[in-house]
Amino acid sequence: MAETPSLFDRLAVAETPPVAAEPVTVVIFGGAGDLAHRKLLPALYNLHLDGLLPPRTSIVGVGRKEFDDNKYRAFAKDGIEKFSRRPIDEHAWPTFADTVSFVNASIDDTEDRALAPLGSRLDIVEHERGLSGNRIYYLAVPPALFVPTVRQLNRARFVPPRDQATRDARPFARLIVEKPIGRDLQSACDIDDAIAEVFNEHQIYRIDHYLGKETVQNILVLRFANSIFEPLFNQKYIDHVQITVAEAEGVGTRANYYEQAGALRDMVQNHMLQLLSMIAMEPPHSLESDVVRDEKLEVLQSLRPIAGDRVDAQVVRGQYAAGFDLGKPVSGYRQEPGVSPTSTTETYVALQIFIDNWRWAGVPFFIRTGKRLPKRASEISVHLKEVPPILFNANPNGPLDPNVLSIRIQPDEGFALGISSKIPGPRVRVYPVQMDFHYGSTFGGTSPEAYERLLLDVMVGDSTLFMRRDAVEAGWRWVMPILDRWSAQKADAIPAYAAGSWGPEEADRLIESAGRQWRAL
Amino acid sequence: MASAVVARTWRSTPAESIEAGLAELWREIGRQAPVARAVMSNLVIFRNRSSAGGRRLDSLAEGLPIEEVVARHPSRIILIAHEHRRVECEPVAAGIGIVTFGPPQARYGVEQIAVQASCADASLPSIVRRIVRGDVPTSVWWAEDLSQVPPVPALVSMGRQLLYDSSAWRDVRTAVLSLAPIVRNRRSDCADVNWRRLAPVRQALVHAAESMQADDLRHADVRIAHRPGETALAWLLGGWLAARLHWSDAAAPAIEEVPHADDVLTLTCGTDPGKLTLTLTEQHVAVSRRGHPSFFVAVPRESAGDAVAAELRSLARDIGLHDTLGALIRRFSAGSL
Chain Y
1 MAETPSLFDR LAVAETPPVA AEPVTVVIFG GAGDLAHRKL LPALYNLHLD GLLPPRTSIV
61 GVGRKEFDDN KYRAFAKDGI EKFSRRPIDE HAWPTFADTV SFVNASIDDT EDRALAPLGS
121 RLDIVEHERG LSGNRIYYLA VPPALFVPTV RQLNRARFVP PRDQATRDAR PFARLIVEKP
181 IGRDLQSACD IDDAIAEVFN EHQIYRIDHY LGKETVQNIL VLRFANSIFE PLFNQKYIDH
241 VQITVAEAEG VGTRANYYEQ AGALRDMVQN HMLQLLSMIA MEPPHSLESD VVRDEKLEVL
301 QSLRPIAGDR VDAQVVRGQY AAGFDLGKPV SGYRQEPGVS PTSTTETYVA LQIFIDNWRW
361 AGVPFFIRTG KRLPKRASEI SVHLKEVPPI LFNANPNGPL DPNVLSIRIQ PDEGFALGIS
421 SKIPGPRVRV YPVQMDFHYG STFGGTSPEA YERLLLDVMV GDSTLFMRRD AVEAGWRWVM
481 PILDRWSAQK ADAIPAYAAG SWGPEEADRL IESAGRQWRA L
Chain V
1 MASAVVARTW RSTPAESIEA GLAELWREIG RQAPVARAVM SNLVIFRNRS SAGGRRLDSL
61 AEGLPIEEVV ARHPSRIILI AHEHRRVECE PVAAGIGIVT FGPPQARYGV EQIAVQASCA
121 DASLPSIVRR IVRGDVPTSV WWAEDLSQVP PVPALVSMGR QLLYDSSAWR DVRTAVLSLA
181 PIVRNRRSDC ADVNWRRLAP VRQALVHAAE SMQADDLRHA DVRIAHRPGE TALAWLLGGW
241 LAARLHWSDA AAPAIEEVPH ADDVLTLTCG TDPGKLTLTL TEQHVAVSRR GHPSFFVAVP
301 RESAGDAVAA ELRSLARDIG LHDTLGALIR RFSAGSL
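For the protein sequence lines, the chains are Y and V, in the order given. Counting in our numbering, the final residue of the first sequence is number 521, and the numbers go up one at a time with none missing. Counting in our numbering, the final residue of the second sequence is number 337, and the numbers go up one at a time with none missing.
Think of the hints as simulated: they come from the structure by calculation, not from any bench. This list has only true hints and no planted wrong ones.
Here are the computed distance ranges between Cβ atoms for each label pair:
(1) R130/V with P424/Y: 20 to 28 Å
(2) A33/V with D401/Y: 22 to 30 Å
(3) A21/Y with G134/V: 38 to 46 Å
(4) V5/V with D412/Y: 16 to 24 Å
(5) D401/Y with P34/V: 13 to 21 Å
(6) E256/V with N70/Y: 36 to 44 Å
(7) R130/V with R509/Y: 53 to 61 Å
(8) R313/V with S227/Y: 21 to 29 Å
(9) P137/V with A21/Y: 24 to 32 Å
A few chain Y residues that don't get close to chain V, going by computed Cβ distances all over 12 Å:
(10) A165
(11) P284
(12) L287
(13) K385
Note that CB positions come from ideal geometry on N, CA and C, so glycine has one too.
With the hints as constraints, model all of the structure from the sequences given.
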């Protein structure tokens, strides 16, 4: 006899399931810090406004500050007022504030009961709210505290033993780790190894907020939901690809970190290689997170190594010198507070990269990123090959602009396709025009912040937009020969570029020697 | 937050010159500054001429959040102010306009067409067909109370979607029965802005049901109390429960209006007040059950424009709403309120 459907099964028919349904406690280590203040609490608040937080959700900040719950709620409200994409809604605020609490605790690797106050509070909160013990631990703390915090979680028995923590096991424990993960391959492996003693890989979410941006997510839709583009995405039709992540700001208050990192570690090893892998990956056979991430990893594993003297030919580094920002004089990197006056840390890097697979054989990918460039702009541009030099392209003095598909990641998210069109009139004159799509004007409203999407994904257990250990390590493995070469060169100085310019002349020569030019942004 | 309106231009035009007039308007606006034409769909808005009053063409849309909607979902607006006549005749007046949004470097414009028509219902499609764009989807927004002005099937069938707001219904039974042909032939999808307000209620009930038994929600036990003006919302909730729990056509929960109530609606189950109580306010849905921790589901903050735009973007049939309407049609066909 057929079993009678449960009440839940009956009511849930044809209902759009909530994006995240399982009640959860979000524990933010570094809960009183800058990241929580500027990004995490505003993101959680916006999820609340959109009705996307699962019922009963609880948010517990953990930190050294002497906050009680009310002070922490005021701290959260202040962050939301200053940094949220939507203002405080006084009607919605009380329900959200009720979910927020704070525990004063400090992470000390040697102290056995460092997290005891947190344990007591979680017991109370979860009992009061009828929570089953699902927890997300967010490490919004300096990298040096990643491993101590994870060890404390283990010592306090907050995490089920690894052999019991299967994907479907409930209650679940998930860990979110912010970048940077290590400063080289060895240190990244050390951190990953230490975390892996406590958490299985499927429980670990290595966050790269770039991957949460709408336009980045749209790369896969653009490529695999439109039959017009995918047939062209290969060495037959694509001349080259450029990826630019430009920042107008200088090092600001991050000198301590940046002096140890530099542009290659800070931007290329993670963000830019992730963008590269999304624009170059093969179509996955499904959208399951590991299937997508397998295809991205394939790209990273197909990158042609740049080692030895190839580094000098294919990689340009630079450091900003004094210059101007919108007409205002600004100091050079070595004059910034906290920076060594003899620093050789690169604030700019440009690379010529090849992907040695069937699809992309021989197609150069040019990547550049830097600080104190003329504007804040991130873009991927796919440059198609020129049409033959006949018909409308017969004049060698006025060749047609090749078609370019540009994907703007920030600001003004969207994409554009540059095409040639006839100017109205009796003569045949061809002019490049843009078919331009702007997220803002097409879909209106403000897109969710990357952290909103990513936090929600962790609640759901979808790790597609997070970096898997093998991808992080593949990234490091590929950049290590470049770092090693630079380290061996012991340069007293590296090419300088004026603040407010588009980088050192060497970067122009890098791309011009390959017969191309940097795209104007 | 959507872009603010930067400028509006408007002029009257002969009905046969609508397209030419719009092209001329675009040229004029483009001479002042670059502007992109934004259109993701046709949005045909139906108003009764009597409710539109003696308004001028450029103010027929008063009371509707049209600019807020098109700022979020740019659409060619086709506003039909109709007065039923037995004889077929041509539109009596037409007007065209362009509303522009966005900053100077990313300005975009949306077309608006208003037509005052006094003709037979059957001739309405010939007007609309002339002015819709064929390369984008068409939605029909019935801006009237369906219980007073029933939908014109020939017009509704031109759209993939019939959008309406049941909160305006003065007579739920008449309005629901007016939708019966549309629900039955399934050529157009129904989209009810008021139904969206029930989403957190349904989410909360589904969540609560995880720990409830199959017969915990019997129709005889369920009582829905609502504040004045929320009759349709209460019936939609009752209809949804009837559809999902396979209640018989004659069975219905007790629905009653509570004068001076603050809460939007309250659902209780059984005579035992602790068994299940669900309360919808403007801010949240609160659910309490004896022996279980109470919980809240936040009500998403959205304006009328947000809600309409969200419905226009939805290209999939809302099975839940169709099943609910089906249950209510059966109920109202079988008996009376």
